[in-house]
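Enquirer: Sequence:
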Amino acid sequence: MSKTTRWLELTITCSTQLTDAITDYLIGVFDAGVEVGVDDHLLEHTIHAYLEQENPTEEFIAGIVGQVGGYLSELADIFQVESPKLTTSVLEDEDWSSNWKKHFTPFAVSAGLIIKPTWEEYQPKNGEVVIEMDPGMAFGTGHHATTSLCLGFIRSVVESRPGTVLDVGTGTGILAMAAALFGAPSVMAIDNDPEAVTAAFDNVAHNGLQDRVAVEITPLEELEGSYSLVVANIIHDALLMMVPALTRLTEVGGALVLSGILKEIQADNIIQVYEKAGFVLAGREEKDEWAALHLVKK
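Using my numbering, the letters of the sequence shown map in sequence onto residues 95 to 392.
No wet-lab data here; the hints were simulated from the structure.
Hints may contain errors.
In the SDA-like style, the derived pairs of lysine to any residue whose C-alpha atoms are separated by at most 20 Å in a straight line are [as the list claims (entries may be wrong)]:
{"#": "1", "residue 1": "K381", "residue 2": "V175"}
{"#": "2", "residue 1": "K357", "residue 2": "K392"}
{"#": "3", "residue 1": "K381", "residue 2": "D118"}
{"#": "4", "residue 1": "K370", "residue 2": "I359"}
{"#": "5", "residue 1": "K357", "residue 2": "G246"}
{"#": "6", "residue 1": "K357", "residue 2": "E316"}
{"#": "7", "residue 1": "K381", "residue 2": "H330"}
{"#": "8", "residue 1": "K370", "residue 2": "L334"}
Based on the sequences and whatever the hints tell you, model everything.
Expert: So this is what it looks like as structure tokens:
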């Protein structure tokens with residue numbers, strides 16, 4: 095007899111300040127499938143997380159609620175905001191896809207760029223470009239604040255100075271595909287995670303961009319040549335380690351867009367380090383607790 099797969103759905107309503115920390119926690123600790131509601135109130139987000147469990151007993155659910163609830167309370171104390179609301183429900187396997195579809199609808203990840211799932215129809219308005227992709231388990235679908243911050247800089251750089259682009263740590267390939275849709279003639283997207291490379295490759299092919307976007311697992315240090323725009327939306331410590339490689343791979347006069355850094359305690363340090371490496375700060379944008387930087391190589 096085949097086993098019946100069930101899913102424990104966690105629904106969390108929280109301050110927008112907590113969204114990124116909560117989603118990272120749920121994915122990192124529980125390997126959960128996570129989606130953030132896109133039609134929420136400006137001050138709140140609703141997070142839906144799905145944990146696969148053959149037999150989610152009351153004891154199992156109580157343990158998860160206790161663990162997640164404790165984390166949410168601690169997070170609320172740190173940020174000094176109202177404690178998030180947490181509810182649970184058990185879904186049969188056949189409910190899984192329909193629940194993803196219910197919470198994932200077309201949305202503007204940045205001005206002029208729409209992300210839509212395959213099952214939704216969307217008619218682009220003047221000047222809009224559309225990326226079609228379905229929600230995945232391990233990699234983002236564009237809701238993270240750093241994604242929209244990077245996209246703003248990518249669009250302005252590519253439209254004013256079309257050229258080759260390198261996307262470091264591409265994940266699902268959103269930034270690489272956007273660069274191509276904004277007008278970049280050639281984009282190299284790399285990641286050190288084989289699953290990310292597979293996801294990005296599939297998304298690029300599905301959107302018909304394989305003639306302009308190459309997806310590889312090539313280590314950053316092994317890349318040759320230089321690019322007119324280099325993008326790295328990763329984390330602070332990784333960006334510090336990558337200074338020599340990112341400097342070498344950015345052509346003179348070229349742009350470097352960095353994000354994945356906290357605006358209060360990390361952004362200034364990154365600016366200082368990269369200025370010493372030969373860059374000048376051309377722009378800085380912030381959203382929630384995150385910052386993105388636009389640097390130009392002298």
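Enquirer: Does G246 lie within 20 Å of K357 when you go C-alpha to C-alpha?
Expert: 17 Å, holds
Enquirer: Measure nothing beyond the straight line between the CA atoms of K370 and L334; if it is 20 Å or shorter, mark the hint as holding.
Expert: Within the cut-off at roughly 12 Å; holds.
Enquirer: Given the hint that K357 pairs with K392, does the C-alpha gap stay at or below 20 Å?
Expert: 24 Å, violated
Enquirer: Are the Cα positions of K357 and E316 separated by 20 Å at most?
Expert: Answer violated: K357 to E316 is near 31 Å, above 20 Å.
Enquirer: Given the proposed pairing of K381 with V175, does the C-alpha separation stay at or below 20 Å?
Expert: Since the Cα atoms of K381 and V175 sit roughly 17 Å apart, the hinted pair holds (cutoff 20 Å).
Enquirer: Between K381 and H330, is the straight-line Cα distance small enough, at 20 Å or below?
Expert: 16 Å, holds
Enquirer: Starting from K381, check that the Cα of D118 is at most 20 Å away, please.
Expert: 17 Å, holds
Enquirer: Take a quick look at whether K370 and I359 sit within 20 Å of each other, Cα to Cα.
Expert: 19 Å, holds
Of the numbered hints given earlier, the model fails hints 2, 6; all others are met.
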